[in-house]
Amino acid sequence: MRITSNLMIATLAIASLPLSACDRGTERWATTNNTNVPIDWDKVNEAYKTADGPTDFEKRVNEIYEGDEVISVSVQDLPGNAQVVTGFFDKDKSGTVQEGEKIFTIKRNVTGEGTGQYQTQGYGAYYAYHSPMMGIFTGMMMGSMISSAFRPNYVPMYSQPYTTPPSRVSDLHSSRSSYRAANPARFSGRASGSNRSYGARPSSRPFGGGFRSGGARFGIRRREGVRRTPQRLTA
Amino acid sequence: MTTPIRAIADLPFVRRDVLDLLNLRHHRAAPDPDYTGFGHARLDALHLEGDVGEPIEVRGALVIAVHSMEKPEELPGDIDLEFFLPEVSEDHSVTVLLSAFLRVWLPLIRGDERAIVLVVCNPNQTLLRAPAAAGRTPFYYPLGDVESWLQVADGHKDVRLAAHSWRCAEAGHG
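In order, the protein sequence lines correspond to chains A and B.
Residue 235, in the working numbering, is where the first sequence stops; the numbers in between run on with no holes.
Residue 1174, in the working numbering, is where the second sequence stops; the numbers in between run on with no holes.
All clues stand as given, with none of them false.
Think about it this way: if two alpha-carbon atoms lie no more than 30 Å apart in a straight line, the pair counts; the simulated DSBU-like pairs of lysine-lysine are: (1) Lys49(A) x Lys93(A); (2) Lys1157(B) x Lys102(A); (3) Lys43(A) x Lys1071(B).
Just so you know, the hints here were simulated from the structure itself, not pulled from any lab data.
Since this is a predicted model, take the numbers as computed values, not measurements.
Could you build all of it, start to finish, from the sequences and the hints given here?
Here it is as structure tokens:
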């Protein structure tokens, strides 16, 4: 029954995804009461792996998130060099994670000398997301937020949790606005030849119960600032 | 780092698990627009979804997944493809015309499939002919961009490919 209930919730959540960029027009970044804006979880996971600290991570995760709300972050170190990172919408501006505000948690454990793992779990509208357990080890490209846990002299810095101060939310919003302005191809419509959006199209397609998981788009999207001259193969 | 690819036949166009090929192994709220994986896979059944009408169910399919260049030039009956080859170097890519690619690769990967499904963004909505190697096997291709989705319901996982519309090319043309 639990699974059925979850599937029903997921169906409702995904069916209420916003319309495509073209359909939404100028409302793309309008504040919404629901928070069912797609999140690129792969990028969130990568951001955690490479972040140099909570403020770096919260900056990155807000650049990834395509909605209007600002995602606040709570980081708490636990015994055994474990760490829990929580992303949340600080709706009541309390600077603490309240029931119903949580978007995701990332749980990191150290499993041995120089090895560890982390896993991301979605909440609320994103409850359907569970990442695989992702391994980390000394020598990987990691930011200091993770790699510091492997140091012999490691002292947990966030036994008292770090939480995005409500006063920083407006700074994050401004910083993200600048980021979006500097990346118009990403945020003012998809850079596809047909000017299609990704992410929300299936909401316009009829489908039965259950939920949908996105895979890929099969056209190359040029990355900002990367100039390439591919070689042409003719035979 | 490996030697740069010099010929179409040297592309690492390998058979892959369909969930990996279509980037469906992990849950995402939306398709990844930066995915550059390619290859081919066999699938017992999948659905081709258009903007209107009922999805087309295709059984016994050979799925060929490649990527069109960004904003490809309009070419009669052809699409410019781009293959990213990180094994050569970061951001290294090569371009190939779809017709040339299929002329080389389709004969090599053909089996007893009942249908061939080409997964590639076709933003110019170019009308294609079935490659000669398709023989009389139905050759499905999209008009518009293509996204892969996994629909999960009642314990069943259903691969869905969404485009503006899908065409089945006539057989026997080169």
